[in-house]
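With the hints as your guide, set chain B onto chain A.
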Amino acid sequence: MSKRISPDEHGDVLDWLYERGKRRAAEAPGFDADKLVSRATAARDAGSAGFWSVLNPTEREHFESAARMREFAPGTVLMREGAHAAEVMVIRDGWTKVVLDEDGQQRVIAERGPGDLIGESGTEPGNVRTASVIAAGTVRALVMTTSGYAAFIADHPGVPDLVKKQTHDRRTGRP
Amino acid sequence: MPQEPYRDPVSLVRSVLGDLSRAAYGLLGHYADAEDAVQNGCCKLVMAWPRVAALATAGEQRAYLIRIVVNEALQILRDPYRRWEKLGADASGRAVLESSFEDEIQAKDDLRRVWMAISDMPDMRRDAVLLRAAGYEYRDIAARLGIKVSTVRSHISDARKQLSRTLPRGWEGAHQ
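Chains A and B, in that order, give the protein sequences. Just so we're aligned, residue 85 is where the first sequence starts under this note's numbering, counting upward by one. Just so we're aligned, residue 327 is where the second sequence starts under this note's numbering, counting upward by one.
Just chain A, with the same shape it has in the complex (with noise of 0.2 Å):
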């Protein structure tokens, strides 16, 4: 049955919304939280957000120059949980899926697209994929060993700051 309440009564839409929390408050459901930070933590690792537009044109000259252009069809797996790492990618045209197997099931936990960097994680000695990267339609972007990217960040000592200081300024809004 419809019913108004009007501000001038006892209820309004607030108090409305309160009794409808409260409702489902005694439904509200358990979660893990060691899955819900290991998922966080492999969703950080994952790749730095924006990190093309932090490079100078000198720096993405020196990357191009470095790495090279591949193009992946939708569902291609460009990394995978648990192998070793040995690329890191500039995602330069479309968007991946970062992507956790938990008990045989997929679950999602970050997008990465255009300008962003994947793998960089993995590029510590003896480091390898905590999750898998899959192209989620045609992806284009820039490839480069892992040795490469190492010598390209010891070329640029200041990027991985000026990354950091990027994705935490996106990811961190507010409060």
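The hints are simulated quantities; they were obtained by calculation from the structure and are not laboratory data. Be careful, since some hints might not be right.
Straight-line C-alpha distance at most 30 Å; calculated DSSO-like pairs for lysine-lysine [to be verified]:
(1) B:Lys474 - B:Lys434
(2) A:Lys181 - B:Lys474
(3) A:Lys119 - A:Lys106
(4) A:Lys106 - B:Lys474
(5) A:Lys106 - B:Lys434
(6) A:Lys181 - A:Lys248
(7) B:Lys487 - B:Lys474
(8) A:Lys119 - A:Lys181
(9) A:Lys119 - A:Lys248
Ranges between beta-carbon positions, derived for each pair [unchecked claim]:
(10) A:Gly159 - B:Lys474: 15 to 25 Å
(11) A:Gln189 - B:Arg438: 29 to 39 Å
(12) B:Val475 - A:Arg164: 44 to 54 Å
For clarity, every value in this text was computed on a predicted model and none was experimentally measured. Just so you know, even glycine gets a beta-carbon here, dropped at the ideal spot from N, CA and C.
Frame of chain A; chain B shown alone:
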């Protein structure tokens, strides 16, 4: 005596997880959406951990995370393409919508305007209103946000006035 700050994100999330899921589900009423809101909040927490770790007390850290999660829930509520925001539906979606189709559409539109108006409120008022809308009592909101109960009352009172201007003809479409 204030509790020492948490030293890692998992301990913080674990300590406040009951509130996170309750607040997110109270606002969203949908398991996957609530999980997304909590997950996105955790992603932001991990990104901001160096800053959160430096907060003076555990209470401040908990408040920070709760505020992130209710704001993530608000982002989902504001999404015009969100399909499952059905007025009158209870937590499990059992309730029957008995009004006419036009009333339902109008009420849905009104509710979206309410979420937009809440989005435009100053930070602390918005957070207090979101916890209220999630079904929290004033004293619980005060405890979660680390503010006085009188401050919560004042925020909610101001919010009521603001929302009554958003829906000047009153609130129609609540199906109880």
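### Hints violated by the structure (listed by number, smallest first)
1, 2 and 10
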